[in-house]
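Asks: Sequence:
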Amino acid sequence: MKKETVMDNAQLLERGYRFGQELLAWNSHDNKRQMPWKGEKDPYKIWLSEIMLQQTRVEQGLPYFEKFIAAYPTIRQLADAPDQEVFKLWEGLGYYSRCRNLLATARYIAYELDGIFPNKYEDILALKGVGPYTAAAIASFAYNLHHAVLDGNVYRVLSRIHGIGTPTDSAVGKNLFTTLAQAQLPDGKAAAYNQGIMDFGATVCKPLPECSTCFFADDCVAFQTGRQLALPIKEKQLQVSDRFFFYLVLEHEGKVAVRQRQAKDIWLDLFEFLLIETPEPASWQLVAAELEHAWGLSPESYQRVGTRYVVKQRLTHQLVHLSFERLALNHTIELPQLQWADKAALENFPFPKAIKEYVLAEL
DNA sequence: CACTCGTGGAA
DNA sequence: TTTCCAAGAGT
Numbered sequence: 000m001k002k003e004t005v006m007d008n009a010q011l012l013e014r015g016y017r018f019g020q021e022l023l024a025w026n027s028h029d030n031k032r033q034m035p036w037k038g039e040k041d042p043y044k045i046w047l048s049e050i051m052l053q054q055t056r057v058e059q060g061l062p063y064f065e066k067f068i069a070a071y072p073t074i075r076q077l078a079d080a081p082d083q084e085v086f087k088l089w090e091g092l093g094y095y096s097r098c099r100n101l102l103a104t105a106r107y108i109a110y111e112l113d114g115i116f117p118n119k120y121e122d123i124l125a126l127k128g129v130g131p132y133t134a135a136a137i138a139s140f141a142y143n144l145h146h147a148v149l150d151g152n153v154y155r156v157l158s159r160i161h162g163i164g165t166p167t168d169s170a171v172g173k174n175l176f177t178t179l180a181q182a183q184l185p186d187g188k189a190a191a192y193n194q195g196i197m198d199f200g201a202t203v204c205k206p207l208p209e210c211s212t213c214f215f216a217d218d219c220v221a222f223q224t225g226r227q228l229a230l231p232i233k234e235k236q237l238q239v240s241d242r243f244f245f246y247l248v249l250e251h252e253g254k255v256a257v258r259q260r261q262a263k264d265i266w267l268d269l270f271e272f273l274l275i276e277t278p279e280p281a282s283w284q285l286v287a288a289e290l291e292h293a294w295g296l297s298p299e300s301y302q303r304v305g306t307r308y309v310v311k312q313r314l315t316h317q318l319v320h321l322s323f324e325r326l327a328l329n330h331t332i333e334l335p336q337l338q339w340a341d342k343a344a345l346e347n348f349p350f351p352k353a354i355k356e357y358v359l360a361e362l
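For the first sequence, numbering that gives the first Met the number 0 gives the first residue as 0, with consecutive numbering after it.
Some hints here could point you the wrong way.
[As the list claims (entries may be wrong)] The calculated DSS-like cross-link candidates involving lysine-lysine, where the alpha carbons are at most 25 Å apart (straight line), are: (1) K31 - K311; (2) K254 - K235; (3) K119 - K205; (4) K44 - K119; (5) K188 - K233; (6) K87 - K127; (7) K311 - K263; (8) K254 - K233.
Hints are computed from structural coordinates only; laboratory data are not their basis. Quantities reported herein were computed from a predicted structural model and do not represent experimental measurements.
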């Protein structure tokens, strides 16, 4: 009901049309933002860049894009790469399910679709790791199909120019802005408009906006009513919980024991050391007891070497407290999913950022 | 569908 | 220091 109330507003639609025309002019003459994939028509490169930029700043994702294109110039080369090699290239970029889905989709296109990237919106949307935003981005940039992108920039721009206070992180808000974004997409200009509105949101209509340089300030409802800093509205506040990871870095004859995370949890598919997780900060006594109880490692079977290494890693919903303790074993042991790697070979394993930093600093 | 999945930079 | 949030998607 609310959606129709807004969409039936002729004033809003007219404002949206005017914004589209002025945005296209701005994009042609005043948009100075440059990115290596801008104007790119190779769907592989567009797809790769869009996956990498999900919830990721351009400056952070750009070096990864360059690395991937250098290593895998074509989608078939990506499809043929070993998992661990690709994860190693993705290491540090975060949201590692993107990497898993990237590989699955590359192999699907290379071998099920004979290397031909889909060119219909519904087929693009069906790809693993591709949602409404990425499908619209690929469809418009590669094929100029009439699909409007809706990302954080677009939410911000639309909520401000129209003065819409409906929370963008609500179901109602998502439907409303999806409909509105599509409704004001200029005919035949999907690629330029989509690129323009995201650049506009990133360089002018930023969280802290530069309204004095904005071409639309005179028509912007938020600016005219002094609400540009209050929009968009988000209603949900995220909860951050503490977790305590105690890593036992087992060493024997120049080798280190590592294993791959397999649970549906943070850092799925990445590597780590033998882990004891506790609900509260753990004392060495507690860890030593667990070490003996769970894996039969008595205090006589190892020596503590080096110093305790402690670090905190903040994730979106968690604050992980990591402790590392090096243990030199008298005898090697066999544990499920545990593999002994040469220290020099650790650089081939993809680790979470905090563990990689530990490896570089201490091993 | 509410919740979860990293990391880095800015305010 | 803490908080926000950035070219979102999967479940």
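Asks: All hints are to be evaluated individually against the structure, with a verdict given for each.
Replies: Taking the hints in turn, this is what the structure says about them:
1. K31 - K311: The given pair, whose Cα atoms are some 39 Å apart, is violated under the 25 Å limit.
2. K254 - K235: violated (47 Å)
3. K119 - K205: violated (32 Å)
4. K44 - K119: holds (17 Å)
5. K188 - K233: violated (30 Å)
6. K87 - K127: holds (20 Å)
7. K311 - K263: The given pair, whose Cα atoms are some 21 Å apart, holds under the 25 Å limit.
8. K254 - K233: Cα-Cα ~49 Å, so violated.
In summary, the structure is inconsistent with hints 1, 2, 3, 5, 8 from the numbered list given earlier, while agreeing with the others.
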